[in-house]
Amino acid sequence: MEFNIHSIVFLIFSVITLGGGLGTVTSRNLIHGAVYLIVSLFGVAGLFILLSAPFLAAIQVLVYIGAIAILIIFAVMLTRSMTRMTEIYNRQWSLSLVVSALLFVLLLVGIILPVWGPGTANAALQPSELVATTVDLGVAFVDGNQFVLPFEVASLLLTAAMIGAIVIARDRD
Numbered sequence: 001m002e003f004n005i006h007s008i009v010f011l012i013f014s015v016i017t018l019g020g021g022l023g024t025v026t027s028r029n030l031i032h033g034a035v036y037l038i039v040s041l042f043g044v045a046g047l048f049i050l051l052s053a054p055f056l057a058a059i060q061v062l063v064y065i066g067a068i069a070i071l072i073i074f075a076v077m078l079t080r081s082m083t084r085m086t087e088i089y090n091r092q093w094s095l096s097l098v099v100s101a102l103l104f105v106l107l108l109v110g111i112i113l114p115v116w117g118p119g120t121a122n123a124a125l126q127p128s129e130l131v132a133t134t135v136d137l138g139v140a141f142v143d144g145n146q147f148v149l150p151f152e153v154a155s156l157l158l159t160a161a162m163i164g165a166i167v168i169a170r171d172r173d
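Its first residue numbered 1, the sequence shown is counted upward by one per residue in our numbering.
Since the hints were made in silico from the structure, they are not lab data.
Because the structure is a prediction, the values reported are computed rather than measured.
It is possible that some hints are incorrect.
What the hints assert, rightly or not - Label pairs and their computed distance ranges (CB to CB):
| no. | residue 1 | residue 2 | range |
| --- | --- | --- | --- |
| 1 | W93 | G23 | 17 to 25 angstroms |
| 2 | S94 | G144 | 47 to 55 angstroms |
| 3 | G66 | G19 | 16 to 24 angstroms |
| 4 | M77 | F141 | 35 to 43 angstroms |
Beta carbons: idealized from backbone N, C-alpha and C, even for Gly.
Sequences and hints are given; from them, build the entire structure.
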């Protein structure tokens with residue numbers, strides 16, 4: 001395996017993503033865990049850029065970091081009772097370790113074999129041929145034959161969630 005600049009940048013973004021994820025799940029302070037989550041999500045945005053998907057990277061930064069992670073931080077800061085220190089180990093830690101290790105191996109095999117395994121047909125294709133453009137995605141969302149129904153169901157679900165949030169947050173006067 002030869003290392004070029006693309007491989008080195010991929011390795012850096014992978015370490016950032018995995019390090020942030022590890023910090024998120026091992027941190028005993030919720031604020032620190034949220035900051036580690038932001039670091040991990042920045043690493044994922046970098047991986048999207050390496051996959052020639054700058055639109056997804058921008059959405060990752062705007063939606064997940066700019067909205068979701070900041071919302072988590074505000075929720076933690078506004079509810080101080082959740083920030084108390086908790087026990088790091090519980091009675092099920094050994095079972096959790098075994099299940100996590102099995103899932104990790106299963107996902108690793110499921111990801112590596114199709115990419116580097118025998119008979120990979122996509123090895124000669126350029127990334128631009130494998131990844132749909134933003135225009136293709138937009139056409140697929142509004143084309144009657146492809147994703148218009150799931151797109152409309154998602155929009156109805158988001159509208160219902162917004163109406164529910166307004167009903168819950170309004171004054172009872």
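Status of the given 35 to 43 angstroms range, CB of F141 versus CB of M77 = Hint holds: Cβ distance 36 angstroms, inside 35 to 43 angstroms.
Cβ separation of W93 and G23, checked against the hinted range 17 to 25 angstroms: holds (18 angstroms)
**Asked** Per the hint of 16 to 24 angstroms, is the separation of the Cβ atoms of G66 and G19 within bounds?
**Response** holds (21 angstroms)
* Asked: Holds or violated: 47 to 55 angstroms for the Cβ distance of S94 and G144?
  -> holds (52 angstroms)
Checked against the numbered hints given earlier, this structure breaks none of them.
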